[in-house]
Amino acid sequence: MPRSQAIALALLVAFIAAAPFILFPVYVMKVLCFALYACAFNLLLGYAGLLSFGHAAYFGMGSYLSAHAAKIWGFTPELAILTGGLTATILGTAFGYLAIRRQGIYFAMITLALAQMVYFFCVQAPFTGGEDGIQAVPRGALLGVLDLAPDFTLYWVVAGLFLAGFLFLYRIVHSPFGQVLKAIRDNEARAISLGYRSDDYKLLAFVLSAAIAGIAGGTKAIVFQIATLTDVNWPMSGEAVLMTLLGGIGTMFGPVVGALIIVTLQAELAQFGAWVTVIQGVIFVGCVLAFRRGVIGELQQAIRRPL
Amino acid sequence: MSELWYELEPFLQQGTLGLVNGAFYAILSLGLAVIFGMLNVVNFAHGAQFMLGAFVAWMLLNWAGIGYWGALVLAPLIVGLLGVVIERTMIARLYKLDHLYGLLLTFGLALIIEGTMRNAFGSSGLPYQVPEAFRIPPVDLGYMLMPAYRFWIVIVSLVVCFGTWYAIEKTKLGSYLRAAVERPQLVQAFGINVPLMMTATYGAGVALAAFAGVLAAPVYSVNPAMGANFIIIVFAVVVIGGMGSILGSIVTGYILGVIEGFTRVYYPEASATVVFVIMAIVLLVRPTGLFGRA
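First to last, the protein sequences are chains A and B. Going by numbering that gives the first Met the number 0, the letters in the first sequence line up with residues 0 to 306, in that order. Going by numbering that gives the first Met the number 0, the letters in the second sequence line up with residues 0 to 293, in that order.
In case anyone wonders, no lab produced these hints; they're calculated from the structure. Careful: at least some of the hints might be erroneous.
[As the list claims (entries may be wrong)] Across the chosen pairs, the derived CB separations fall in these ranges: (1) A:GLN224 - B:PRO286: 36 to 44 Å; (2) B:LEU157 - A:LEU264: 24 to 32 Å; (3) B:GLN184 - A:PRO305: 35 to 43 Å; (4) B:ASP97 - A:ALA9: 46 to 54 Å; (5) B:SER174 - A:TYR26: 56 to 64 Å.
What you are looking at is a predicted structure, and each value in this text was computed from that prediction instead of being measured. Every residue, glycine too, gets a C-beta built ideally from N, C-alpha and C.
Could you put together the complete structure from these sequences and hints?
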């Protein structure tokens, strides 16, 4: 790990360790869940060059299945989150297989359309509870031993999960597999001519990304004890894009910063209702027109070190 | 015979009603295809501009006393003009970048438009009466009675779609347009103002969406979410048809509307998702889309 990234990681760990003493643990946990979600999305957009506009499907189904497993099946929280992650993995395999058949713009439209199909399914399926969602999900006890009902206890579990996910993604990006992904992103025809089966690489990246998005969604369901249609609807897909774009596409720490900014913004502006949507739109437009590198991307450019 | 007819009748009826939805799919996917062909931008704001068309019609009626027929002309002009401003000030800066940025920008615009309308009018929806001229007995098609306004939608959408197709494929202006799609630099060298054509194309595509919005106002309640619901289905339609062909996107739009209608007879629960399922099947069987070029 280059020194710039090592320092950034140390700062991130320090922030996560200090945060619950300064800020509301639930708020920080929300940031961490969305940060993991955005990081998973960034694996695709930033390192494989694939714009998925349907990550809400994996986040949302992860959320629903985790909530269902914890509440109805009585699973312990770690198994419930695993169930959500597994569901997202299966879904990601099927959808990824379909979506990688087309490139660029079409890929984005296909992922969006497939995710909307999942949304309509969730509107009708009885187990999701329709408009009410799955409420009063028990947080349970970790491994059946450690009671997670207190926010402060749960916080450390979520923090550990986030860091594990983040480091896992770091490992993927900086592995030989990750190098091939970047080659495909930059010049797919060339990668193919070098003997790499680009479709296999893209599919595996897609499945990994979906799986981690599902785990992020499942964790969110356990933290807030609720899974709703909001988790699976298209604006949730847009949020992953927005967080990554704002923080910096193709940077390790960008999506984390993006998630922090967007979640904070939503909390601060919650009282203004639909203006949140307008402001998110303005950020989108502003980023695309004048700030394409994002916060961390600009910083990276300024210090000339990878972040 | 009569027994077969008994089986067939609901099928025909729902299929015909499906043409109404298909009309909107056709006009919207046509607009998307025209814009994409010329600008290489997938206009995510297309749904929001469709919704804006419906809202402008409502505003014209309630604030200026201008009725349906006036709105049918004015709303596309107003929203189209807004499209021209958007193209000049924002989209034009992105032509040299990756196509994905165009999608992200117009997604942001869609959020701005939708959020603004929700702030101004709430999310519950506003009523827009069926215009006076159509409050007449339904049209008798032999196998069903079709409400006059819905019949009008199907007819006028066919006229607009094939009019647009004709303008692009058979007129001189259209030939410039097609040439500029293939070789913009060369066409520019012949003294044709390609940037102006791109602006006009975006404006026209947006106006088409707004026109569909006015048509939709009396059928669906005028509400900020109506655009988002449509645009995602239209994306699936475009994936199925392929954006390479104008005629292809029109035909696919109508066909999918009809299939959606059929589904309502056999398996109503799936009518919301059938278009997406068809998209998945088409991707498996013919990844380039029905009318797409490889």
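Going through the hints against the structure:
| no. | hint | in the structure |
| --- | --- | --- |
| 1 | A:GLN224 - B:PRO286: 36 to 44 Å | 42 Å, holds |
| 2 | B:LEU157 - A:LEU264: 24 to 32 Å | 46 Å, violated |
| 3 | B:GLN184 - A:PRO305: 35 to 43 Å | 37 Å, holds |
| 4 | B:ASP97 - A:ALA9: 46 to 54 Å | 34 Å, violated |
| 5 | B:SER174 - A:TYR26: 56 to 64 Å | 60 Å, holds |
When the structure is compared with the earlier hints, violations turn up for hints 2 and 4 and for no others.
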